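Peer 1: Line order of the protein sequences matches chains S and Z. Quick note on numbering that gives the first Met the number 0: the first sequence kicks off at 0 and runs consecutively. Quick note on numbering that gives the first Met the number 0: the second sequence kicks off at 0 and runs consecutively.
Hints in this document: simulated from the structure, not taken from any laboratory. The model shown is predicted, which means the values in this text are computed figures rather than measured ones. A few of these clues could be false.
Sample of chain Z residues facing chain S (criterion: CB under 7 angstroms; computed from the structure) [stated by the list, open to error]: (1) Tyr145; (2) Thr213; (3) Ala216; (4) Ala257; (5) His264; (6) Arg268; (7) Gln351; (8) Ala355; (9) Gly356; (10) Ala357; (11) Gly360; (12) Met363; (13) Thr435; (14) Val438; (15) Val441.
Cβ-Cβ distance ranges computed for the label pairs, FRET-style [what the hints assert, rightly or not]: (16) Z:Pro436 / S:Arg194: 51 to 61 angstroms; (17) Z:Leu411 / S:Asn30: 50 to 60 angstroms; (18) Z:Leu191 / S:Ala139: 16 to 26 angstroms; (19) S:Ala139 / Z:Ser83: 37 to 47 angstroms; (20) Z:Met188 / S:Ala244: 55 to 65 angstroms.
Backbone N, C-alpha and C fix where the C-beta goes; we use that ideal spot for every residue, glycine too.
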Amino acid sequence: MVRRPRRETPVGSSEALRLVEVTKTYGDAENAVTALDGVNLSLPAGSFTAVMGPSGSGKSTLLQCAAGLDRPDHGRVVVDGEEMTGGSEAALTKFRRQRIGFVFQQYNLLPTLTVAQNTVLPLKLAGRRVDRARTEEILAGVGLADRMEHHPDKLSGGQRQRVAIARALVTEPSVVFADEPTGALDTRSARDVLRLLQGSVRLHGRTVVMVTHDPMAASYADSVVFLADGRLAGQLNAPTVDAVAERLAHLGDSVNDEMQAGV
Amino acid sequence: MFVLAMRSIRQRPGRFAATLLSAFLGAVIVMTFNAMHDTAGAAGVDDVSAESLTTAAAVVGGYGTLLVFFAVASTLTVNVRQRSEEISLLRSTGATPAQIKRMIVGESAAVALVGAVLAIGPAVLGGQALLDQFQESGQVAGSVDYAFGPIALSSGISVTLLASVAAAFLAVRRATKALAGARKERGRMRNLAAWGALVVGAASVSTTFAMDETDAAAMAPPAYGAILLAVGFALFSPVLLTGLLGRLRGPITALAGASGYLTVHNMRRRAAELSGVLMPLIVFTGMATATLYMQAVESDAIEASGLTKSVEDKNLETLNFVVVGIIVVFSCIMLINSLYAATSYRRREFGQQRLAGATPGQVMGMVGVEGLVLTVTGVFLGTVAAVAGILPFTMLRTDAVWPGDQGPGIWLAVVGVAAAATLITSLGTARGTLRTPAVQAVAVAA
Ligand SMILES: Nc1ncnc2c1ncn2[C@@H]1O[C@H](COP(=O)(O)OP(=O)(O)O)[C@@H](O)[C@H]1O
Ligand SMILES: [Mg+2]
C-alpha cells in the first residue's frame, strides 16, 4: 500500500513516534486518577509494537494521547519528527489526518456510508482526491473488494474491522494505532485482522502500535511494551505467546504487591 | 408500575419538559377559550355577545384539543424512542409489555395533570385578556362580566388528560411494534394515510368554489384543505426528500465539500426519520401562510366593497389570528423538540465522524447544510399546500387569481421563523454534543 515514498532513509531507521514524559490525570484535585505517569517511549518507523498491561493501567489513554485524540497534561508527543501541539480540536484533527490512523475495538464505521465510502472518508474530509481504482486496490488488500457497495450493518465483525483497517491505512499515515482491535472478534477473524496489521508493517513499512490483552495477538508484534499503573514496566522483543503470558502474570503480581504495600 | 412511573419522572424531569410544555400550553388555550363558555352562560348576556363568545370557544377549543393531541403525541414518540434502551432493559428484567405500557401511559397522565394544574393561573388571566379584547373591538358588550368556571376547568383538565393518555398509548404501541419489526405494514398504512390526506385536502380546496362569496365561512374549506395537503405532503416527504437529494447531490457536494458529501449520504439513509421533523415544518409553513394571506385577502375585499367590518367578520379575524398563533407555537415546540432529539441522538455519529478526521467545523457544516435542505424542502411543500388554498379563495373573493395586493412580506416572515427555528435548534444542539470528546461520544451506547 506504499504509494509515495515518505522518506529518503530506508524503512526502519527513523523514529515514527516519540513520547517524552507524557503525563495524564483524570478527575479533579480531590479524586484524581493518574492514568499516565511520565511515560517515555520511542518507536522506530516500520515497527509493530504491542502494548499490554492490566485493565486500567493506562493503555487506552496512552494510545489516545499519542494519537492526538486526547491531550496530555505534560510531556511531548512527536510523530514522524513533527511535534504535536495542544491547539484546538480542529488543529489536532488536521495534524492527525496526515500522520495518524486509528482502529477501534468497536470499529466506529459510519452506518450511513457504504464500505467504499467509509474507507475513503478520511481523504474526502481532508479535501483530497479519491480515485476509484485506488479504493478498489485498498479494499482488495483487506479482502473486501466484492463488498464495496455494502453498508456496514451487512458485514460480520471481522469484515467491519478490516474496513476500519483499510480506512486507517488509506491516508498512508506515519503511525497506525489500534486499541484492542481483536477484542470483539472470534479467533479466526482476529487472526485475519492481526495478519493484516502485520502485513502492513512487513510489506508496506507502516508503523503499528496495538493495545491488546491477548498474548496470542501480542505474539504477532515485533516487541511488547508493558504498562502498569500508568508507567512503563518493561519490554519484550520477539515475543512468543508463552513468554508474554508469563510476563503478564508477573506484572499482575508486582501490581498486587504494590497495592498491598500501599494499604 | 405507577410508582415506577412517578420515580422515573422525579429522576429525569428534564426529558419530560417538552411534553409538559405541550400539555401546559394546550391546557392554557383550552381553558382560556372555554372560559368564554362560562362567561356566555352567565345571566343577562345578550345574544350577539353570547354568540361571539361561544363561537370562539367552540372553534379554538376544538383546535386546541387536536393540537394537544398532536403535540403530546409527537413529544412522547420522541421521548419513547430516546428511551428504547431503558425500555428493553425493563423488558429483559421481566417487565411485560402491558406493564411498560402502563408505566408510559401513567407517566404522561401525571405530566398532563401537572401541566393542566399549572395552566389554571395563566388561563384565568388569559380569559380576562381575551374578553377585554372582544369588548374593545365591540364583539361583546362592555357590560358582560368575566367568569372562569366549571366548563373551563373541567374541559381543560379532561381534554389535556385524555389527549395525553391517548397519545401515550399510541406512542407505546408504535414503539413496541417497531421493536417487533412491523415496518412494512406501517409503510403501507402511511401511504394510505398520505393519499387520504391529499385526496380529502384537494376535495376540500375544490369545495371553495361551491361556497357563497359573501359567506364568512368561505375561508374554512380552503384553510382545512391546505392543512390536509400539508399533512399529506409531510407523510410523503421521505420519498420526496430521497428523490430531491438524488438530484441535488452534485451541487450540494460541490458547494459544501466534505460537509455536503456527508449531508447527502446521511439524509438519504435517514429520510424516514426526518419526516418527523418535516411534518411540523410543512404544517407550520402551510398553515401560517394560508391563513394569514386569506385573512389579508378577506380584509382587503371588505375594505374594497366600502363596508365596515361586521361583528362576524371581526370574530373571524380574531379567531384566525389566534388559531395561527396557536399553530405557530405548537409547531415550533414540535419542530424544536423533534429536531433537538434527533440531533442529540446523533452524538455517537458525530463522534465517529470526528474520529475519521472531521473537524468540529465540518460536523457543524454538515448539520447546517442538513438544516438548509430540511428548511427548503419543508418551506417548498408547505408553500405549495398554502397556495393550493389561497388561490381558490382569492378567485372566489376577488376578480383576480393571485392575491396581487399582498406582497411577499408575510411569506418571508413565515419562512424566516421556520428557517430560524430549524437552524438554531440543530446547530445549537450539535454544538452542545461536540463538547464531549470524540472518544467518549462514541463510547456512549448507541
Ligand atoms: N475519561 C476518563 N475520565 C476519568 N477517568 C478515566 C477516563 N479515562 C480513563 N480513566 C481512568 O484512567 C485509568 C486508565 O484508563 P485506561 O487508559 O482506559 O486503561 P486501560 O485501557 O489500560 O484499561 C483508569 O483508572 C480509568 O478509570
Ligand atoms: Mg482500554
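Peer 1: A separate judgement is required for each hint: does it hold in the structure or not?
Peer 2: For each hint, the structure was consulted:
1. Tyr145: This interface hint is violated because 56 angstroms lies over the 7 angstroms limit.
2. Thr213: violated (55 angstroms)
3. Ala216: violated (49 angstroms)
4. Ala257: holds (5 angstroms)
5. His264: Holds. Min distance 5 angstroms.
6. Arg268: holds (4 angstroms)
7. Gln351: At 5 angstroms from the nearest chain S Cβ, Z:Gln351 passes the 7 angstroms test, so the hint holds.
8. Ala355: holds (5 angstroms)
9. Gly356: holds (4 angstroms)
10. Ala357: Z:Ala357 check passes; min Cβ-Cβ to chain S is 5 angstroms, inside 7 angstroms.
11. Gly360: Status holds, d = 6 angstroms.
12. Met363: violated (11 angstroms)
13. Thr435: Violated. Min distance 11 angstroms.
14. Val438: Since chain S brings a Cβ to about 5 angstroms from Z:Val438, closer than 7 angstroms, the hint holds.
15. Val441: holds (6 angstroms)
16. Z:Pro436 / S:Arg194: 51 to 61 angstroms: Since Z:Pro436 and S:Arg194 have Cβ atoms about 32 angstroms apart, the given range 51 to 61 angstroms is violated.
17. Z:Leu411 / S:Asn30: 50 to 60 angstroms: Since the Cβ atoms of Z:Leu411 and S:Asn30 sit about 55 angstroms apart, the hinted range of 50 to 60 angstroms holds.
18. Z:Leu191 / S:Ala139: 16 to 26 angstroms: violated (47 angstroms)
19. S:Ala139 / Z:Ser83: 37 to 47 angstroms: Taking Cβ atoms as reference, S:Ala139 and Z:Ser83 lie about 39 angstroms apart, which means the hint holds.
20. Z:Met188 / S:Ala244: 55 to 65 angstroms: 59 angstroms Cβ-Cβ, so the 55 to 65 angstroms window holds.
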